[in-house]
Structures are given as structure tokens and as C-alpha cells.
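Participant: Chain by chain, the residues run as shown.
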Amino acid sequence: VSLIRKSVFGSGVLASALGAVLFSSVSGAQTSNVTLYGRVDLNYTKLSGDPLQMTQTSSSRWGLRGSESLGGGWNAIFTLESGINADTGSVSGNLFGRESWLGVSNRNFGTLRLGRSLVPSQRVASNYDPHGTDGIGSLGSGGLMITHAALTRFNNGIYYETPSMGGFTVFAAHQLDEVKTDTTDESVSSVRLRFQTGGFDASVAYGEVNSRDKVVSLGLAYDFKSIKPMMQFHDGKRNGDDRQHWLVGFTAPVGAGELRAAYSAQNDKSPKNADRKLFAIGYDYSLSKRTIVYGTLASDRRGLNTTAAVHKRGFELGMRHLF
Amino acid sequence: VSLIRKSVFGSGVLASALGAVLFSSVSGAQTSNVTLYGRVDLNYTKLSGDPLQMTQTSSSRWGLRGSESLGGGWNAIFTLESGINADTGSVSGNLFGRESWLGVSNRNFGTLRLGRSLVPSQRVASNYDPHGTDGIGSLGSGGLMITHAALTRFNNGIYYETPSMGGFTVFAAHQLDEVKTDTTDESVSSVRLRFQTGGFDASVAYGEVNSRDKVVSLGLAYDFKSIKPMMQFHDGKRNGDDRQHWLVGFTAPVGAGELRAAYSAQNDKSPKNADRKLFAIGYDYSLSKRTIVYGTLASDRRGLNTTAAVHKRGFELGMRHLF
Amino acid sequence: VSLIRKSVFGSGVLASALGAVLFSSVSGAQTSNVTLYGRVDLNYTKLSGDPLQMTQTSSSRWGLRGSESLGGGWNAIFTLESGINADTGSVSGNLFGRESWLGVSNRNFGTLRLGRSLVPSQRVASNYDPHGTDGIGSLGSGGLMITHAALTRFNNGIYYETPSMGGFTVFAAHQLDEVKTDTTDESVSSVRLRFQTGGFDASVAYGEVNSRDKVVSLGLAYDFKSIKPMMQFHDGKRNGDDRQHWLVGFTAPVGAGELRAAYSAQNDKSPKNADRKLFAIGYDYSLSKRTIVYGTLASDRRGLNTTAAVHKRGFELGMRHLF
Chain A
102 VSLIRKSVFG SGVLASALGA VLFSSVSGAQ TSNVTLYGRV DLNYTKLSGD
152 PLQMTQTSSS RWGLRGSESL GGGWNAIFTL ESGINADTGS VSGNLFGRES
202 WLGVSNRNFG TLRLGRSLVP SQRVASNYDP HGTDGIGSLG SGGLMITHAA
252 LTRFNNGIYY ETPSMGGFTV FAAHQLDEVK TDTTDESVSS VRLRFQTGGF
302 DASVAYGEVN SRDKVVSLGL AYDFKSIKPM MQFHDGKRNG DDRQHWLVGF
352 TAPVGAGELR AAYSAQNDKS PKNADRKLFA IGYDYSLSKR TIVYGTLASD
402 RRGLNTTAAV HKRGFELGMR HLF
Chain B
102 VSLIRKSVFG SGVLASALGA VLFSSVSGAQ TSNVTLYGRV DLNYTKLSGD
152 PLQMTQTSSS RWGLRGSESL GGGWNAIFTL ESGINADTGS VSGNLFGRES
202 WLGVSNRNFG TLRLGRSLVP SQRVASNYDP HGTDGIGSLG SGGLMITHAA
252 LTRFNNGIYY ETPSMGGFTV FAAHQLDEVK TDTTDESVSS VRLRFQTGGF
302 DASVAYGEVN SRDKVVSLGL AYDFKSIKPM MQFHDGKRNG DDRQHWLVGF
352 TAPVGAGELR AAYSAQNDKS PKNADRKLFA IGYDYSLSKR TIVYGTLASD
402 RRGLNTTAAV HKRGFELGMR HLF
Chain C
102 VSLIRKSVFG SGVLASALGA VLFSSVSGAQ TSNVTLYGRV DLNYTKLSGD
152 PLQMTQTSSS RWGLRGSESL GGGWNAIFTL ESGINADTGS VSGNLFGRES
202 WLGVSNRNFG TLRLGRSLVP SQRVASNYDP HGTDGIGSLG SGGLMITHAA
252 LTRFNNGIYY ETPSMGGFTV FAAHQLDEVK TDTTDESVSS VRLRFQTGGF
302 DASVAYGEVN SRDKVVSLGL AYDFKSIKPM MQFHDGKRNG DDRQHWLVGF
352 TAPVGAGELR AAYSAQNDKS PKNADRKLFA IGYDYSLSKR TIVYGTLASD
402 RRGLNTTAAV HKRGFELGMR HLF
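Residue numbers (our numbering), protein chains in the order written: chain A, 102 to 424; chain B, 102 to 424; chain C, 102 to 424.
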């Protein structure tokens, strides 16, 4: 215990310095307490009416994660993950605004975490979208969740995910409303029920903000190996908006890569009536285990039924490297 | 030497790229030049009158540190340490605002460092506080030093710590006043004399800002193994404030963890007369070598003798993981 | 492919958590996908008329870099590099504002990268300056490039560097002008031709901004082993300024270190007529493979021919550690 207290609260600069010196030979071993990982994604994107841009299709990032066995099948786990815009080197939001959590997991009892992480509702948007939730090919969890229910990521969150029970898992999360007068930490809850067996994968999720704004989500996929069709549907209200969002698409292994295509739409039931229809097809070519080049073509009709209606056509062409 | 110049100033992109490629097999070895370390601490805190919050009892952090033998018993040492708020993933202050220094150390001649680091006066506050200097159980170096003498951490600092001389160590530090017209880098000096032998540990420290504001600190502890009683006392003036701060407490190994308790008080001798009395008791339970769960109960009477007097009672319950 | 899609887009928190747990034994191996590196540089600088300051002669930094073999002699390569001010622990600019790029390299076909990196014109300033481009001894690429042609680093850049062809290399780069109405991402192009053989090293570079502001650069060095004389010249226009910049100097191995000296001048041909003449001599003493101490003396006459003319004399004395 005294060892722990020392390492927790330190005991003077010299001790630290000497510690660093004396134990420098085990720094390699210490490093194994944490894994440094990340992704760099960069592409050229061109949509009609917009200039050619350098941007990214999935979020570039770097992070730290680790786990420690606590005995009895329990592990302490943590992740700190930072989103970056690799075209400029800037951070996207807070330094560890993608993931910042600490928790425990057990194969029999599931995973409990505290901090900032992705929300159950968002998982349905990302798990059943051939294009992920970023880039020109996806309406995105961004578009859906942020405008509808602030359900992408929580601050001050608690997250519990069950182990698989006959193929079923439940993932529930709640955000504390610490400051009643602001809107950055409203009381938000979300729960997802997922069923997976063989190639079958189905989810239903529910999220609500301040017991007022609500979103219901459905997702479905079947992996036939030669092709994996998938679909999702969301219906929600948020700050006066009232929208439905659906998607049908597939992924399919083709050559040394994967083909992905989806047709998705947003039906705006508010007076704005700003509907959107998006079709996109893309291909990820694997250069190696950790590097792909990718291309996507998209036809995106935005603001349908409004005077601002615009039909954007375009492409993205880029590269992604995991480390 | 030419090798060093090349690595210091580089010589073209291709060289760097090829270097990265050709030497990628030794990247593991290069990694041993630096140790990546940190801590994630998250808890639920509830004080009467405040909402339930997710926060941390000690500062979550990540950092880089390393040392290199220079021969003759000398080592070059550095640390870059970043404080984070794990409930949101945000950085607390400057990126490496906790520690950012470079120096040399020698077992016979001590440790000399330049940059940003903790101040000798602050060490007395942290070394003799059962609750560290954060969380609901501690008045904190924050409360004491920042309002009294800006003596928590320096920018532009020089730090020298002697080796142990018959149990005595001296730690002295000075901050350069680079910009005479602002208050972020005032001329600050602090020195601490510490004596340690067996379980006995005593310190006296002195700090001053612009030769005007001053704080004197005393600390005392004795580790009987079954219990480690400790106390500290500070008396200082800062920007018109005039305060005394004292603490008595102990830590004791109990079961697979450690009990900690302290009674501390702040005596405000200025016309504000805003006294404070705090009692807190807590327990750290070790789940493993690097993970604890902890709980603290506190009774905190703030603003005594003023119309804003308030008695806050509450708890914190959380988890801390070192990596 | 399905493995790649899974790792690229993830598949639920529990999978990630279990992944972290199950594969924690190979976290050391995973770490070899990325090298963590950096530099801490801190010194005392004093120029006549200015207060003594703690600052740095070269930029302190930390970064992540890695490479992965793609087969056929190709490698995927990336770098994310962060500049820091080690005297305060603050970040200098964007988090990865020094380097943020992804690319491929091949010994026969060269290196192609996307993102943010140094510009060909800047390389001439840094490769032929005994003092690098920072500190009191150098007019700096900063002084020259930023005021003349925004040619230090690009956002949204594409960079191609040929392999050596009989000693010749070409390095060309272009920055996309994404937002026509702002000045942070103007259309900038730069190309450098370099010839190296034996100890001989010569470069010519050209850079232009919006087809309007232009800078031409020349650099020359010869390494006689006992001494390496070098020179550079730049002539450019930028936003109404019209300047020439030249330098002659040398580096020479002396004892366990390196002597460096340069005389440089700026000739301002605009009505401001703010010429500058700088002489500096310094010495880098190697304490070890990765640590030096250094000192520089400088005589810097700024604003010659203007009423603000000032002659600054001074020194810098510091330490630099690579990790």
C-alpha cells in the first residue's frame, strides 16, 4: 500500500528524477502499460460548387489505451483519444474529446465506464452505415444526432455494456446534468439492444434529452460473406426539429478491397421541410494490413422542397493509415 | 558531432522519410528513450447544495519522461506532463502545464532543472496532506498558495535540489520575472529544507513573490508503519490577504488499502475574516498494483464569520488508474 | 478485408475493450507501429535592452511517426509533430502544427505526402544556416519567409520529393487555396532543386504566393570535414515588402563539439528601408549522443537607416536533449 501511495502522490522531485534514472532500463516494460495508437486519414474532396479541398473521410486521431488485470476475470481499462484534422494539424474539439474514460470489464459481468465516450444511439448510426459516419458518402451520426438529440458523445457519462447473453447485448449510458442552466451537459440517456448470431446483426436504440427530445433507432445487417447488406432508420425530435432518417446499403469484398454503397435520406417533418437524399458508392483498396487508399462518388440532393435546394455531385480520393 | 548536428537540424524530408523507413526496425529501441505514463482519475462528488458531479480527486494526466546517461554519474533528465479533466477530455491549462522541464542530475551533486515544475513551498503542502492536495478532503495547495503566493508552479523557473546530506536535502527554485508589467511571471523564489531519517520526515519552506508577498511553511510526519501521523502549517500574505493554514491528520494501512483522515483549517486575518474548517476521512482500496477505488467523506465549513458562511457535507466515490 | 474494415470502423465498445484486454500482451508489439520522439530545448537569453529570458534556440517538440512496408519497395509513412514552448509548457500553434502528414515513399520513385509540412523554399534557409533558423544567431526562415512569402509551412499541402538522380533531387510542394477570401490558405507553390556529391551541397529554390509574391533562394555548402563553409541568398517580394537576405558562415568540429558562426544581412528595398545586420558565433558541446549544451554570442543591428535603429548585443546559454 505504501508503494502505491508513493506512486500515487509522489514524494519529491529528486525521488522522481532518481526513479526515472534508476528504472530507465525498464522503461520499455513500463511502456507496455499503455498502447499508443491512432490513424491518419487525408483526402481530396470536390463537390460541385465547392472548391477542391483537402480533408478526411474518417477522423484522424491518436490515443492512449491500456488495461490491467485485477484478478477474478476483471480488468481495469481506460482510453484517452484525441481527434485531429490532419490537413492542418489542429485538434478537433477538446484534446481527448473523442474518448476519455476509465472503467472495469469482466467477461461475465460486462463493462462499466465513466467519462466521455460514444453513445448507444450513435452506435446504430455507425454500425450499419457502409460509409461509416463521415465523409461525403454518409448523412452521418453528426447530421442526425447532433441536430436531433445531442447523442453522439457525452461528457460526465456513465456507460454499461452487458456481455453477450445468447447473442443479446444491452448498452446503456447516461449523462449527468451538472449545470442545470446550460445546454452542454443536459440530462441525456440512451440504451441499445443488439442481437447478433452468425452473420445476423440487429439493433434497436432509444435516446432522450431532458425527457423532451427523443430519437428511436433501428439497424439491421446480414453478412452473406460475398455481400453484407445493411439498413438503418431513425426517427427523432430535437429543439423543434422533427426528422426521419433511413439508409439502405451494402459492403462487399471485391478484389483486394471492399466495395461500399448506400442510399440514404432525411425526411424533415418540421415547417422547414428540408429533405435530403444521398447516394454514394466507394471502394477501399488495401495496400497492406494497416493502409488503404479509397475513393467515393456521391450524389447529394440537399434542402429538397426549399428554395435553397442544391444538387451536389462529387468525389473524395484519399488514403488512411492505422498505427 | 556531425551525426548530432544532422539529427538536431535535419537534412531534408527524404532523409527523414528514409530514416523512418530504414530504422523502423529499431523504433522499439528508440521508444525506450522516452517513457509514456499517466493517470486517469474519475469520481462522483456530491456536496450539500451542489448537484452530483463527475470530477476527479487527483489530477488526471499523461506525460513523457526520459533520462540519458552522460557518464560520470550524470544523467540528462526531462519531463513533459499534461493535466487533463477526464470527465470531458479537456486539457487543464497549457498542454504541458503540469511539468515541462529539462535538467541534469547526479547522485553526488543533486538535480538542476529549467522550465516549469512544482515549487518547494508547494511540496510541503502536498507531502504532509493525507488527502494529497486535491478533492473534497484537502484545502489544497491551490487554496493556500495561489491566493497567498502564486507558489504552486513556475514558468521560466530554475530548480536545484541537493542530494541527501545526512538526511538533509535543500530544494531551491526561482522564477524569472520576464515581463515586469504583468503578473504571470513575477519574481518568485522558494526554498525548502527537509530532514528525513527512518520514519521521520520534517520540512520548513519559505516562498516570496516580488519581495513583498511571503509564505512560511512547516511540515512534519512520522511513519510508525501501523500509522503515519502528519501535520503542516503555513502562514502567508498575498495581495492584501493574510492567512494561516494548518492541518493534522494521518494515513494508516488497513486491509488491502489505506485509511486517510485530516482536520484542516484556514484562519483569515484580513478584514474578510473568511475562516474555513474541514474534516475529511477516506479510504483507498487497492484493486491491483496500479488501480484503486476510493471514497471520502467531508464536512467543510466555509466562510466562517461571514454572512456567506456555509456548511457543506458530502462524499466523493471514484477510481484511479496509473499507467 | 473484413479484418481491416473492423479495425477501421470499429464494432462496439465491448469489442474494443475486450480487444484491449485480450491483446494487451502484444501492446509492446503494437507500440512498434509508431515511434514517439521529441526534443526539449531551454536556454537563458539576454539581449541588450531586454530582460533576461528563458526561451529556446531550436523548437522544443514531441511527435509520433511511423512507417509500414507496402511491398515492392513502397512504404506508407506519417508524422504528427507538435511544437512546444518548454519554458511554460504551452503549445506553439496548432497541436501538430509542425508536421501533420501521410504519404508513401519508394527508394526508386521518391516520396509523396499530403498534409502540413515544411516548404521547399524554407529548406534552403534551414540547410545552409550554421545556427539553424531559430535563436539569436539566425535571421531565420521566420524573418525571411513569413514576411516575404508565407513559405515556412503549408496547410492542405501536397509534397513530392524525388530520389537522388546522380546527386540531384527535386522537391516540389503546393498548397491548395481552399477559401478564396482569406489569407491563411492562399495558393502557394514552391520547388527546390538540390545537388549533392561528396561534400558539395547546392540548392536553388523558387516560391510564389497567389502568382504575385515571389522569392528566389540559393544555398551552397562544402564539407571539408575540418570546416564546412556555407552561404545562402534570398530575394523576394511580399505584400509590398521587397527584401534581399544573405548569409555566409561555417560550422567546424572542435573538441567534443561544433563551432558555428555566420554573418547575415537583410537588405530592405522598400520605402521602409529597414536593413538588418547580424553576426553570431556559437558552440555546441556534446554531453552525450542525445544531449548538448550550447552558447551563442550575437551582435544584431536592426532597423538600420531608420530612426528605430538599435544595436542589440547578447548571448544565449542553454541545453538541448533529443528523445
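Watch out, some of these pointers could steer you wrong.
A pair counts as met if it fits within one copy or between any two copies, since identical chains are not told apart.
DSSO-like mimics (lysine-lysine), calculated; alpha carbons at most 30 Å apart, straight line [as the list claims (entries may be wrong)]:
1) Lys378 <-> Lys326
2) Lys281 <-> Lys326
3) Lys281 <-> Lys413
4) Lys315 <-> Lys147
5) Lys281 <-> Lys315
6) Lys315 <-> Lys378
7) Lys338 <-> Lys390
8) Lys413 <-> Lys147
9) Lys373 <-> Lys338
10) Lys390 <-> Lys373
11) Lys315 <-> Lys390
12) Lys326 <-> Lys147
13) Lys281 <-> Lys378
14) Lys413 <-> Lys390
15) Lys326 <-> Lys315
16) Lys281 <-> Lys147
17) Lys281 <-> Lys390
18) Lys370 <-> Lys390
19) Lys326 <-> Lys338
20) Lys413 <-> Lys326
21) Lys281 <-> Lys338
22) Lys373 <-> Lys326
23) Lys370 <-> Lys413
Quick caveat, the hints were computed from the structure, so don't treat them as lab data.
The structure presented is a predicted model; accordingly, all values stated were derived computationally and were not measured.
Participant: So, against the hints stated earlier in the document, which numbers end up violated here?
Facilitator: 2, 7, 10, 11, 12, 14, 15, 17, 18, 19, 20 and 22
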